[in-house]
Amino acid sequence: AAGVIQSPRHLIKEKRETATLKCYPIPRHDTVYWYQQGPGQDPQFLISFYEKMQSDKGSIPDRFSAQQFSDYHSELNMSSLELGDSALYFCASSLVDNEQFFGPGTRLTVL
Amino acid sequence: QKEVEQDPGPLSVPEGAIVSLNCTYSNSAFQYFMWYRQYSRKGPELLMYTYSSGNKEDGRFTAQVDKSSKYISLFIRDSQPSDSATYLCAMKKAAGNKLTFGGGTRVLVKP
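If you read the sequences in order, they're chains A and B. The end of the first sequence is residue 111 by our numbering, with every number in the run present. The end of the second sequence is residue 111 by our numbering, with every number in the run present.
It should be emphasised that the hints constitute simulated quantities derived from the structure, not laboratory data. Incorrect hints may have been included.
As the list claims (entries may be wrong) - Straight-line distance between alpha carbons at most 25 Å, and here's what the computed SDA-like set of lysine to any residue pairs gives:
#1 K67/B with R41/B
#2 K67/B with V110/A
#3 K2/B with A87/A
#4 K93/B with P8/A
#5 K70/B with Q41/A
#6 K52/A with R16/A
#7 K52/A with V110/A
Please read these numbers as outputs of a predicted model, since none were measured by experiment.
Chain A extracted, bound-state conformation (with noise of 0.2 Å):
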């Protein structure tokens, strides 16, 4: 069965630059979810799209800012990245709000 597809699937960046991470939710579902796991830590939500519109918001920095296309892959953009940023990211995905299904994860790394 085909899953979440992240990309990519790793990346390492320097203080104060910019990345995007990009997820290609399960075929016909309409939700993505986007998580931070810190080492050691469990995924802390940070926000989430449903039909291309923000549908929940949790701890995400102002640095960060993600959208859904209208192909229902979502995109999550971190400026003036900081040492703390380094983690790893996961979207998930859901039809509608039911179970959340997460991707591989993106594995950040600021230098």
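Use these hints to put chain B onto chain A, whose structure you have.
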């Protein structure tokens, strides 16, 4: 105090034993309950999804929810070394999309 509490382990069991995991929560607004399995540096994999008190069985996995006690459990029968992973409980309120995770329990199944 965290909204969802989970013993971090590690929990070490011999192959073939029953693994017993549990989470407690403090907010009665949580209505949907999930268990995820996460291997090191991989995305969380959905194992069980429930929304009512009682038991739900799927293969070797049984999930229990007791809303009156604010307590959920996951049992893994006939455990295998491949079950060695971190198990995360997650909960969602009726309103909103955010999953709130427990801290995860590391499980080690020894051959």
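Outcome of the hint check:
1. A threshold of 25 Å between alpha carbons decides the hint, and for K67/B with R41/B the separation of about 32 Å lies outside it, so the pair is violated.
2. Between K67/B and V110/A the alpha-carbon distance is near 42 Å, which puts this suggested pair outside the 25 Å criterion.
3. Between K2/B and A87/A, the direct Cα distance comes to roughly 21 Å. Compliance with the 25 Å bound is thereby established for this hinted pair.
4. The straight-line distance between the Cα atoms of K93/B and P8/A is roughly 31 Å, outside the 25 Å bound, and the hint therefore fails.
5. For the given pair, K70/B sits about 23 Å from Q41/A by alpha-carbon distance, which is consistent with the 25 Å threshold.
6. Distance check on the hinted pair: K52/A and R16/A sit about 28 Å apart at the alpha-carbon level, beyond 25 Å; violated.
7. The straight-line distance between the Cα atoms of K52/A and V110/A is roughly 29 Å, outside the 25 Å bound, and the hint therefore fails.
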